[in-house]
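Engineer: Since the structure of chain A is already known, use the hints to place chain B on it.
For the protein sequence lines, the chains are A and B, in the order given.
In this note's numbering, each residue's number is its place in the first sequence (first place is 1) plus 29.
In this note's numbering, each residue's number is its place in the second sequence (first place is 1) plus 2.
Rather than coming from a laboratory, the hints here were simulated on the basis of the structure.
Backbone N, C-alpha and C fix where the C-beta goes; we use that ideal spot for every residue, glycine too.
Treat the hints loosely; a few may be bogus.
Said to hold, decoys possible - Derived Cβ-Cβ restraints for the label pairs, each shown as a range:
| # | chain 1 | residue 1 | chain 2 | residue 2 | range |
| --- | --- | --- | --- | --- | --- |
| 1 | A | V77 | B | V169 | 49 to 55 Å |
| 2 | A | Y168 | B | I164 | 21 to 27 Å |
| 3 | B | L137 | A | Q186 | 36 to 42 Å |
| 4 | A | Q186 | B | V169 | 17 to 23 Å |
| 5 | A | Q186 | B | I124 | 52 to 58 Å |
Stated by the list, open to error - Take a look, some chain A residues computed to stay more than 10 Å from chain B by CB distance:
| # | residue |
| --- | --- |
| 6 | V48 |
| 7 | I73 |
| 8 | S81 |
| 9 | I88 |
| 10 | T91 |
| 11 | L95 |
| 12 | P98 |
| 13 | K99 |
| 14 | H100 |
| 15 | K167 |
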Amino acid sequence: MEPSQTQQFLLPVSVVGLVDLGRLARELELLDAVLHEATLRGDIEVKVPKTSHLMDQLIEATRVDLAQPKHREWLASTLAILKQQAPRVHMSFSADPSPQFVAKVLQWFRTEIHPYVLLTIGLQPSIGAGCMLRTTNKYFDLSLAKNMSKHTDILMQKLRGQGV
Amino acid sequence: MTLWQLILIVGALLSTTAAFIWNTLHTGGAKKRDAVDIEKAAEDDVEHIFNDTFREELRNRGRLHFEKIISENAMFLQQDLRLTTSQLNDYMKSEITRNLEEEFQKYEQSINDAKQLAIESIQKTNTAIDEQRALLGQEVQKQITAEKEQLISRFEQNMADIINHYVLGAIGNQIDLNDQLEFILADLEANKEAIAEDLRHGA
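Chain A extracted, bound-state conformation (with noise of 0.2 Å):
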């Protein structure tokens, strides 16, 4: 397998954001070096050192042998692709969410909206339910206060309904 495009990467939802293509990077990078260094010296077999999990799941479900160079120089022009081109969206939540939460939002995002979403997790505690999204040029509002402002003829139904 020498893969070559870009639409062939397959981005494993363990790869968040940004900082989890530039820890890849630099771990790719580490890897390069080691295994040219080996190459250099005549090593015969040349072992692939340990990697992080990270890199494992990355390497799982691109499926690429990172001893061969031509997949690891694939792979980092991938990783740099990615951290340039690919669409990248922030949200913010009032309590910091765990990772299968991020995991299953961030599927959410690339299955339905693009397979290489980066996603930035922020911390915003005013908005006590429901989260910020912000894209490119947008601001989308999906916060509990927002969705009940957006009802609030009902509200104020129930309210004067009551008496009020």
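Structural biologist: Here is chain B on its own, set in the frame of chain A:
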């Protein structure tokens, strides 16, 4: 005018009385001279007919006659004076009464006019006060209505925030993000097209 007339009447009466007295005295002098002439003639023609006794008697008679005339004229003058004084008193009474009545009528008329003016002024003031009170009432009512509407409008505008604040204050600590996942995904689904559009065409 009335006082001048009174002075003229009194002056006329006094002048008449003085003229009468002078005429009487002048007439008495003439008679005395006639008696002297007669006496001289009697002395010339008939001596001793009119002696001193007779002359004294004539003199006494003349004196008595003169005193009688003086007395009568004084009585007439007194009656005239009394009558004039009485008429004058009546006239002054009537004039004073008439003037007083006229002055009282004028005074009463002035009082009535002033009273009418005061009543009209009070009525105008009352009318103006009623109008001002009505306007003030309307203005206050309008202000209260506007304030009420403003409060309701402000409450309606901020109602979502108010309810959100109380909801978070009541159960904010009990809301878990995992419990909100369905709600968040539903909202994302509702805004899916807009998000995708912005990510596709965003810079």
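Engineer: None of the hints should be skipped; say for each whether it holds.
Structural biologist: Status of each hint after checking the structure:
For V77 of chain A paired with V169 of chain B, a C-beta distance near 53 Å keeps the hint of 49 to 55 Å intact. Range check, Y168 of chain A to I164 of chain B: Cβ separation about 23 Å, and the 21 to 27 Å hint holds. Range check, L137 of chain B to Q186 of chain A: about 38 Å between beta-carbon atoms, so the 36 to 42 Å window is met. The hinted range of 17 to 23 Å is satisfied by Q186 of chain A and V169 of chain B, whose Cβ atoms lie roughly 18 Å apart.
With their beta carbons about 55 Å apart, Q186 of chain A and I124 of chain B fall inside the hinted range of 52 to 58 Å. For V48 of chain A, the requirement that its beta carbon stay farther than 10 Å from each beta carbon of chain B is met, with the minimum near 20 Å. For I73 of chain A, the shortest C-beta to C-beta distance to chain B comes to about 48 Å, beyond the 10 Å cut-off, and the non-interface label holds. For S81 of chain A, the requirement that its beta carbon stay farther than 10 Å from each beta carbon of chain B is met, with the minimum near 26 Å.
With a least CB separation of 27 Å from chain B, I88 of chain A remains clear of the 10 Å interface cut-off, as annotated. Even its closest Cβ contact with chain B, about 23 Å, leaves T91 of chain A beyond 10 Å, as expected for a residue assigned away from the interface. In this structure L95 of chain A is separated from chain B by more than 10 Å, as the shortest Cβ-Cβ distance comes to about 31 Å. For P98 of chain A, the non-interface assignment is confirmed: its Cβ lies about 34 Å from the closest Cβ of chain B, beyond the 10 Å cut-off.
Every C-beta of chain B lies more than 10 Å from that of K99 of chain A, the closest at about 31 Å, which supports listing it as non-interface. Residue-level check passed: H100 of chain A sits 29 Å from the nearest beta carbon of chain B, beyond 10 Å. A Cβ of chain B approaches the Cβ of K167 of chain A within 10 Å, the least distance being about 5 Å, so the stated non-interface status is violated.
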